[in-house]
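Engineer: Chain by chain, the residues run as shown.
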Amino acid sequence: MPVLTMGLLALLVAAGLAGVLAPAFGWFPALGHTRPGLGAWRDLFAWPGIGAATRLSVTTALAATALSLGTTMLICAAWHGTRVFAAIQRLLSPLLSVPHAAAALGLAFLISPSGWIVRLLSPWATGWERPPDILIAHDPWGLTLIAGLAAKEIPFLLLMTLAALGQMPARRSLLIAQTQGYGRVTGWLKTVFPQVYGQIRLPVYAVLAFSASVVDVALILGPTTPATLSVQVLDWLNDPQLSLRFAAAAGALLQLGLVVGLLAVWRGSELAAMRWGRGWVARGHRGRADVLWRGLALVAAGLAAAAVLGGLAGLAVWSMAGFWSFPDMLPQGFTPRAWATHWPTVADRVRDTVIIAGAATAIALALALACLEAEHRYRLKPSAREMWLLYLPLIVPQATFLTGLQMLAIASGTAGIMASVVAVHVLFVLPYVFLSLAEPWRAWDPRHALLAETLGAGPDRVFWRLRLPMLLRPILTAAAVGFAVSVGQYLPTVLIGTGRVTTLTTEAVALSSGGDRRLIGVYAIAQTAVPLLGFLAALALPALVFRNRRGLSGAT
Amino acid sequence: MRQPTPPFSAALAGGLLAGLLGQAAVAQTAPDPADWDQVVASAEGQTVYWNAWGGNPQVNAFIQWTADEVQDRFGIALEHVKLSDAASAVTTVLNEKSAGRDTGGSIDLIWINGENFAAMKRNDLLFGPWSEAIPNWQLTDPAENTALTSDFTVPVDGLEAPWSMAQVVFYYDSADIDTPPATIPGLLDWARAHPGRFTYPQPPDFLGSTFLKQALLELATETDPLYAPVDEADYAAISAPLWDYLEELTPLLWRQGQAYPQTGPAQRQLVADDEIDIAISFNPGEASAAIANYELPETVRSFVLEGGTIGNASFLAIPFNANAKEGAMVVANFLMSPEAQARAQDPDILGVGTVLDLDKLEAPDRARFEELTLGVATLSTEELGTPLPEPHPSWMERIEEDWESRYGVAR
Chain A
1 MPVLTMGLLA LLVAAGLAGV LAPAFGWFPA LGHTRPGLGA WRDLFAWPGI GAATRLSVTT
61 ALAATALSLG TTMLICAAWH GTRVFAAIQR LLSPLLSVPH AAAALGLAFL ISPSGWIVRL
121 LSPWATGWER PPDILIAHDP WGLTLIAGLA AKEIPFLLLM TLAALGQMPA RRSLLIAQTQ
181 GYGRVTGWLK TVFPQVYGQI RLPVYAVLAF SASVVDVALI LGPTTPATLS VQVLDWLNDP
241 QLSLRFAAAA GALLQLGLVV GLLAVWRGSE LAAMRWGRGW VARGHRGRAD VLWRGLALVA
301 AGLAAAAVLG GLAGLAVWSM AGFWSFPDML PQGFTPRAWA THWPTVADRV RDTVIIAGAA
361 TAIALALALA CLEAEHRYRL KPSAREMWLL YLPLIVPQAT FLTGLQMLAI ASGTAGIMAS
421 VVAVHVLFVL PYVFLSLAEP WRAWDPRHAL LAETLGAGPD RVFWRLRLPM LLRPILTAAA
481 VGFAVSVGQY LPTVLIGTGR VTTLTTEAVA LSSGGDRRLI GVYAIAQTAV PLLGFLAALA
541 LPALVFRNRR GLSGAT
Chain B
1 MRQPTPPFSA ALAGGLLAGL LGQAAVAQTA PDPADWDQVV ASAEGQTVYW NAWGGNPQVN
61 AFIQWTADEV QDRFGIALEH VKLSDAASAV TTVLNEKSAG RDTGGSIDLI WINGENFAAM
121 KRNDLLFGPW SEAIPNWQLT DPAENTALTS DFTVPVDGLE APWSMAQVVF YYDSADIDTP
181 PATIPGLLDW ARAHPGRFTY PQPPDFLGST FLKQALLELA TETDPLYAPV DEADYAAISA
241 PLWDYLEELT PLLWRQGQAY PQTGPAQRQL VADDEIDIAI SFNPGEASAA IANYELPETV
301 RSFVLEGGTI GNASFLAIPF NANAKEGAMV VANFLMSPEA QARAQDPDIL GVGTVLDLDK
361 LEAPDRARFE ELTLGVATLS TEELGTPLPE PHPSWMERIE EDWESRYGVA R
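Protein sequence lines correspond, in order, to chains A and B. Once you know that position 102 of the first sequence is 102 in the UniProt record's numbering, the rest is easy, because the numbers rise by one and skip nothing. Once you know that position 83 of the second sequence is 83 in the UniProt record's numbering, the rest is easy, because the numbers rise by one and skip nothing.
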């Protein structure tokens, strides 16, 4: 992989980390602290909630990751290659387009004691004229948080699994297993899963790291007494007592350590599962409970989709609602006021969001294509270390290194301009684009190139005239994923843009601090619509461009 | 969704880069508000970035109106940088100072008070003094309204200009409650009769902390020590009645105190969803505005406590490294004008109290205020009573810490 891309990535992350290391060890000249010490760590561990908050971060991250991975694998095992699976696949784009915060807010409205589900059943079935005093969102075990995270991570892992499945003879493996009398689910898990997991390992790690450091979803659904470590670190960072910045820096490093530790634990469980799995495969149980597993998979997929889409529907109704009290199923009246008032701002933000996301995606796509093409031409194979580097921005908690990056931007006079925001978005977009693109790119049959070369085409001509057009669909899908990732970025935008560069997401977060569900609804819809249009374009364009090329325009 | 920002002592990287790019401090003459004509002249053509909480559509609309006005009158481009938390602006200034950016900072004006002001003042992050030299300061009466010169007991010293007054009120749904409690102990009695129907935003959210201070002011046997730094008082003895009170109240709270709404707006949503019946607010006009915006039922009304409630002023401060200090002062002065103040007090616009002394206004300007009618759920000045001053910020910090270890981490 080109050294330049990798070097840039490493430099930015390292610069960011330096910015948090210094204050964690007592160095902060602007606050008059220039003598290194361990006071920050003493403060951190003196906080009475440190044990509970850390435990919560660990348990919710592990549970959410295991639940997402398990459900994704079960769905694939039970339904891959069927019509049901194709239907699930079609739901992916809308599910991926819903921003995390919007999905969490929607879910909270669905399941809270005064939420939509209870409203649908009250008072006729429940007898409740007033909402019951039951703790659902913010439950002390973080169960709602786990569910909310899983609902958003399952579509992501499914997308990554789909890309991986395209690279292997999954159907044939399953067929052979089935002819030997294995049940569908058992056969898939024994023959296909080991191949798939090797390919989606890094995305799984990204999910684990994300779950352990997520802030917005944890604020909306997670426990509050105490909150998870990531939320607490942000609270300290924003506390008017500036001396708490030291504990915050130490907390951010603890969080990084936590993520590293979690990855190690996960890797350990992988090895244990592998050892156990070998025995399981060798014992040769055929597995017969297919009906049960397939039903379970369908229920799980349905719940995950319903949680996100149902919540979004709730927010859509809210965006047009007049007064809407419990236990009414629908608002007393509908009004376009929220849309009418905020449309001009929304339109402005959509424009800036599209410019930033478009530029970041284009750059990331160019970098990814250059890397992949170089890999192909010079027969390079990306080392594990390079892949880790690429994933670094996804694995290091954002709050840990972004603020250091902000300092760098301020010092160099590049803070607050759109170009810098685009640059930092590339950091987060590139891994996703690369990830979505790499497998289909490598899977392209090199005999096409060979044939073209025998006809006298040089490598450039092969690239532009043959490979790009033939891979237009995966390229556009990768671009759509990257675009959606850019649209959703909050911290990078607000920190590097110092509030002067605004997108739909930064506006949405600022406005939603006012708690008006109508406004939240308006922005949730807009935030979902923009990436969704990207996904739709990725679907429609190839069909349009290749309307007279049957082999290229068709479905997978 | 608060903005994080751990600092970076970019002594090395930052300093180097700054030097390379020629960003090192450029000598700049500080503007002098006493020479107001010069300030107004320099302000023309400047862009002022006003960092203010963006969570309230009414406030956002008011700021937009201000932007249109100052553009027309003074040729100033006012940009509202919408924050989800005012503290993030403090962090930005702090990071700019760390990075050696002593001029051309990204923030020109901050909406601020209390702890944030105290922190910025203590760390020399503010420009000034300037606020007592701008023309419209003459229309205030700081001798009468001490909140204008003492922000949570911290002397303002001309480092920030007041632009609105706030006072604690409670609101309740009159469809559910006939007579709301009139005292803090009365609130406990009410909660006993209606368990699970009251809560407050989780400290250190400022509104939650305000509830604790309000309760302490009423429960403490003596309140004088609250107006001096906490270190000078017998904290344990003075705060004891508050903790005894909370010991009884907490199990009677919404969700038995296992979870709290995270912000004032989240608490308001709980009233709208009929999950709770009584809520605290720092804006006497909030309930009326929320009713008009379909965010609260029409039956909601406001009340205050018999012993009086805490009041304070909101201020505008200019960071030490602001890029458009003249423009920022002109905007602040405009916001203190009778026209802008009357507009802010209009319940249909914002419904916040004015910082001006009506006796000092010309008759036509005074008439702007006298014409205003109150919102349906807004109390009159007489009903609100004289506000109680804010305790010293160190009390708030200590109480927040103590609350957190008692109720904010797993019980």
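Simulated from the structure, these hints should not be mistaken for laboratory data. Note that the coordinates shown come from a computational prediction; the quantities given were computed from them, not determined experimentally. Heads up, a few of these hints could be off.
Covered stretches of chain B, as calculated for chain A (at least 3 residues, CB under 8 Å) [unchecked claim]: (1) 128–141; (2) 194–207; (3) 258–269; (4) 372–382.
Estimated spans, in silico, between C-beta atoms of each pair [stated by the list, open to error]: (5) B:Tyr227 x A:Arg35: 28 to 38 Å; (6) A:Ala384 x B:Asp157: 56 to 66 Å; (7) A:Pro336 x B:Asp234: 57 to 67 Å.
Anything over 12 Å on all C-beta distances counts as not near chain A; from chain B, calculated [as the list claims (entries may be wrong)]: (8) Asp35; (9) Tyr49; (10) Gln58; (11) Ala86; (12) Ala118; (13) Arg122; (14) Asn123; (15) Ser150; (16) Thr221; (17) Ile280; (18) Pro297; (19) Ser337; (20) Ser405.
The beta-carbon is built from N, C-alpha and C at its ideal position, and this holds for glycine as well.
Engineer: With reference to the structure, classify each hint as holding or not holding.
Structural biologist: Now the hints, each set against the structure:
1. Interface restraint, the stretch 128–141 of chain B with chain A: violated (0 residues with C-beta to C-beta distance below 8 Å; minimum three).
2. A count of 4 residues in the stretch 194–207 of chain B with a Cβ less than 8 Å from any Cβ of chain A is obtained; the coverage claim is therefore met, three being the minimum.
3. Under the rule that three or more residues need a Cβ within less than 8 Å of chain A, the assignment of the stretch 258–269 of chain B holds, with 10 such residues.
4. Requiring three or more residues with a Cβ within less than 8 Å of a Cβ of chain A, the coverage given for the stretch 372–382 of chain B is violated, as only 0 such residues are present.
5. Restraint check, Tyr227 (chain B) to Arg35 (chain A): a C-beta distance of roughly 34 Å satisfies the suggested window 28 to 38 Å.
6. Between Ala384 (chain A) and Asp157 (chain B) the CB atoms are about 59 Å apart, so this pair conforms to the stated range of 56 to 66 Å.
7. Range check, Pro336 (chain A) to Asp234 (chain B): about 59 Å between beta-carbon atoms, so the 57 to 67 Å window is met.
8. For Asp35 (chain B), the requirement that its beta carbon stay farther than 12 Å from each beta carbon of chain A is met, with the minimum near 30 Å.
9. A Cβ of chain A approaches the Cβ of Tyr49 (chain B) within 12 Å, the least distance being about 7 Å, so the stated non-interface status is violated.
10. Taking the minimum C-beta to C-beta distance to chain A, about 9 Å, the non-interface status of Gln58 (chain B) is violated against the 12 Å cut.
11. Chain A draws Ala86 (chain B) into its interface by the beta-carbon criterion, the shortest separation being 9 Å against a cut-off of 12 Å.
12. Once the 12 Å rule is applied to beta carbons, Ala118 (chain B) is inconsistent with being away from chain A; the minimum gap is 7 Å.
13. Not every CB of chain A lies more than 12 Å from the CB of Arg122 (chain B), the least distance being 8 Å, so the non-interface label is violated.
14. Not every Cβ of chain A is farther than 12 Å from the Cβ of Asn123 (chain B); the closest lies at roughly 6 Å, contradicting the non-interface assignment.
15. The claim that Ser150 (chain B) lies off the interface holds: its Cβ sits roughly 17 Å from the closest Cβ of chain A, which is beyond the 12 Å cut-off.
16. Consistency note on Thr221 (chain B): stated as away from chain A, and its beta-carbon is indeed over 12 Å from all of that chain's, at 28 Å minimum.
17. No beta-carbon of chain A comes within 12 Å of the beta-carbon of Ile280 (chain B); the shortest separation is about 14 Å.
18. For Pro297 (chain B), the shortest C-beta to C-beta distance to chain A comes to about 6 Å, within the 12 Å cut-off, and the non-interface label is violated.
19. No Cβ of chain A comes within 12 Å of the Cβ of Ser337 (chain B); the nearest lies about 26 Å off, and the non-interface call holds.
20. Annotated as non-interface, Ser405 (chain B) brings its C-beta within 12 Å of a C-beta of chain A; the closest such distance is 4 Å.
Of the numbered hints stated above, those contradicted by the structure are hints 1, 4, 9, 10, 11, 12, 13, 14, 18, 20, listed in ascending order.
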